[in-house]
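A.B. asks: What follows is the residue order along each chain.
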Amino acid sequence: MKKYEFNEITLLQFICINLGIQVSVGALSLPQRLALKASTDGWMAIILMWAITIAASWIIIQIMKKYPDGTLPDLLSRYLGKWVGKAVALAAALYFLYYAYVVIVSTILYTKQWLLPRTPGEIIMLLFLIPAYAIASKGLRVIGRYAEVVILLSGWMLVIYMESFRDAYWLHLRPFFKEGWYPVIAALPEASLSFIGFASLFILYPFLQNKQQAFIGITVSSTLSMLVYLFTTIICFVYFSPDQIMQYNDPVVTILKVIKFRFVDRIEVLFISFYLFMFSLSWITTIYFSVFCTSWALGKQDHRGHLRILLFGAVAGTYFFMPTEQQKNQLEDLLMQIGIGFEYAFPVCLLIYLWLHERVLGRIKR
Amino acid sequence: MVNLCKGDVMRFLDKFSRRKYSSAREEGRQADQDSISTRLPQNIEQLHNLFPEAPDLIIREFTIKKTGELAALAYFKGLSDKNAINTSVLRPLQFEIGHDNQDEGFALSVGPIQSLNTWSDIEASIFSGESILFVDGRLEAYALDTRGWPQRAIGEPQTESSLRGAHQGFVETGAQNIAMIRRYISNRELKIKELKAGRRGATKISLLYPGDVAHPEVLKELEDRISQLDVDVIINTGELAELIEDNPYSPFPQFILTERPDAAASQLLQGRIVVIVDRSPSVLVAPAGFTAFFQSIDDYSTRWLISSFIRLLRFLAFFIAILLPGLYIALISFNYELIPIKLFLTIGDFRGRVPFPPFVEAIIMEITLEMMREAGVRLPAPIGQTIGIVGGIVVGEAIVQAGVINNIMVIVVAFTAIASFILPNYDMVASVRIIRFLMMIAASMFGIVGIVVGMMILIGHIISLESLGTPYGSPIAPFRLSDWKDAFVRLPLWNMKTRPISARAIQSKRQGSSRPKGDGK
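From first to last, the protein sequence lines stand for chains A and B. Note that the numbering used here has the first sequence beginning at 1, numbered continuously upward. Note that the numbering used here has the second sequence beginning at 1001, numbered continuously upward.
It is worth saying that the hints were derived from the structure and are not from the lab. Mixed in with the good hints, there may be bad ones.
Simulated crosslink set (DSSO-like; lysine-lysine; CA at most 27 Å straight-line) [as the list claims (entries may be wrong)]: (1) A:Lys112 / A:Lys211; (2) A:Lys260 / A:Lys82; (3) A:Lys138 / A:Lys300; (4) B:Lys1342 / A:Lys260; (5) A:Lys257 / A:Lys82; (6) A:Lys138 / B:Lys1220; (7) B:Lys1342 / A:Lys257.
Chain A extracted, bound-state conformation (with noise of 0.2 Å):
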């Protein structure tokens, strides 16, 4: 039986929503984040972290290689029953929600930053849900060609910054391993929330044209998030003395301001307006899981009706709360625990139990 026929995507669009997904929230800042927690030793966390990532795909594939036709939900109510499922379902749906919730919160505050400083946060929120609409509405087919027009159009940014190599100060890396491993480790869960989004496998794997490339288009977004980050966080600390890079909330950004082309001025403005892409791309995928779950928790066939309610509702909530930047530092860091706990030890513990699970009822079968 194959349910999702209909809506199969290529490898290559695989790649690219996960891309997308992974390379949006904490990108801009990873680089201060990292120091404050391990100084300049801090792009070696980002290579431990895709280790890591690369190793929690693996075992997600494995679980869904239990099942190829279903998604998370689907698995768990065949191995654990209906109720189950629907559980995990809503749980998943809540998570994807909040990361969704988490990016474009932060989407909002640095157009409010950089772009719009005047404009009420709630007309923002209701802008970027119309593409979110147009575009979730039609299903994951379009979400994957959408993912391969952003990443085509986002190439060019990491350019610009080969601009700010000139006045790079390489010593600034030196020693390595100022501290020992401690501090490396220590910044392990802050690179986390750049790598965190690979859970998509828990709906994607079904979707994916053949499956037997899940591993390879996993590992390939994720090197290639892991190389841009290793990028701009290099370029970074070499360019930032390592007691300013600390200083800066987005480092990623604030670079920028240096490079100065004769024809366009503040190129900062230029690149965050880009970047939005980037976001849209993040934030119109986690949504669509989102309300994929719920409607298949309630068996419903169509996601446009909860897509639907689940707009109208991000734009009302804004109108009465919209987080400050503190507040969506503490967003982010409460979405990190939970995608630290979603991404990386549900699927460990998931394929411990189904493990054992065909272990004792093979047993009582045989």
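Chain A is already provided as a structure; the job is to place chain B on it using the hints.
C.D. replies: For chain B alone, kept in the frame of chain A given last:
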């Protein structure tokens, strides 16, 4: 074949059939009404009844010299070729005896002769320009192919002129258009499917497709959509396109309409389907992707480097035409920090004299431009020159000196106009105009964020469109690298070994590598 039976046998048969019909009442009467009679005067009367107020219906009665039968020829003046009727029908019938052993059929020098015996068939064929020959004593009439309606000579296509391409354009006669395409693809795999649509004037619609290349699913989809149409009549190909397209609420054209036989043939060879609507000089090509609207037939006949450059220019022009006025508004009223300081001072100097906000300024100029363009399209050429003079005054020095619009805005409008002129497809230019205004509104409300969100919606819209079930955004999204050879650039012809995937061709090999390798022999 026509059979010369004895008159009384026929009459007997006629009576017999009448008796049979009268027993089966209702159906019989209807069938009786519809089928023609053996008696000539009755047929002529029925003709007059059928076409009561049609002074252009000609009924000519005469005696066939060969057999001595009474006959009548009916046709519409103007729809039929007068010369053909006079020399090939009336003359042989009235004056020639014919050969001895030729006792079946008439010695008529016209092409196909079809025998009809119901009035509905006769009506259809007389309207298509055929002349109908009634012979007294026969239960059938003969439709003679004497079609010859007013026609235009084949000329240069007006909307898509080209430098190197052929200078023949489609005309209003479907059969001629098919012939023009057949001249390019003389291969028996070029299949034609004929459909009829429209109740009041059945429009003949021909689907041309390469039989071994076109995808049967796409063909079936197109056929289904056309055969489900329930309209009075289809006057123009544009109407057909609107009636059968996937998403009628989109500003984007989803089928290519072209007047060029060479362009249509080249699309056919890529595995697409060409729809020819009789009486319309443009044909429809389906399925079409977004990038197809940036291609012109000249791209293939100029050097590939040059045509690649021109294609890139067109895509750049597309973005300029959509975004430039919006960017102007956004930069002036929201994000002025992006403008380099020297330029900003100059703009401020100009802007200081203008009383309107940037959005109003832009709207005034863009609407003026659109009106000028629309006026230029419909005005006859001698008056059209006036537009240039008047427009030169408006979009020029005077409006700036009067302090209504500033200089930079005039430059922006001029750039936008030029950019939209280089797009080769009129439908795409039209949608660009609409989108430009939407972008201007978005920019006036949210500045550069408005433009970015506008672009998100635009991208989301384009990629979710489909043309006959094939994705419109291909080869960008879904990403198909092998189709990029003929999308944003045009690679050398010897690289185009396969047909585009987006056309869903079932046989994809287009050519071998025909380029000589190595030096000389």
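A.B. asks: A separate judgement is required for each hint: does it hold in the structure or not?
C.D. replies: To see whether the hints hold, each was checked on the structure:
1. A:Lys112 / A:Lys211: 41 Å, violated
2. A:Lys260 / A:Lys82: Given that 27 Å is the threshold and the Cα spacing comes to 59 Å, the pair is violated.
3. A:Lys138 / A:Lys300: This hinted pair holds, its Cα atoms lying about 16 Å apart.
4. B:Lys1342 / A:Lys260: Given that 27 Å is the threshold and the Cα spacing comes to 14 Å, the pair holds.
5. A:Lys257 / A:Lys82: The given pair, whose Cα atoms are some 54 Å apart, is violated under the 27 Å limit.
6. A:Lys138 / B:Lys1220: The hint holds at about 25 Å.
7. B:Lys1342 / A:Lys257: 18 Å, holds
When held up to the earlier numbered hints, the structure conflicts with 1, 2, 5 and fits the remainder.
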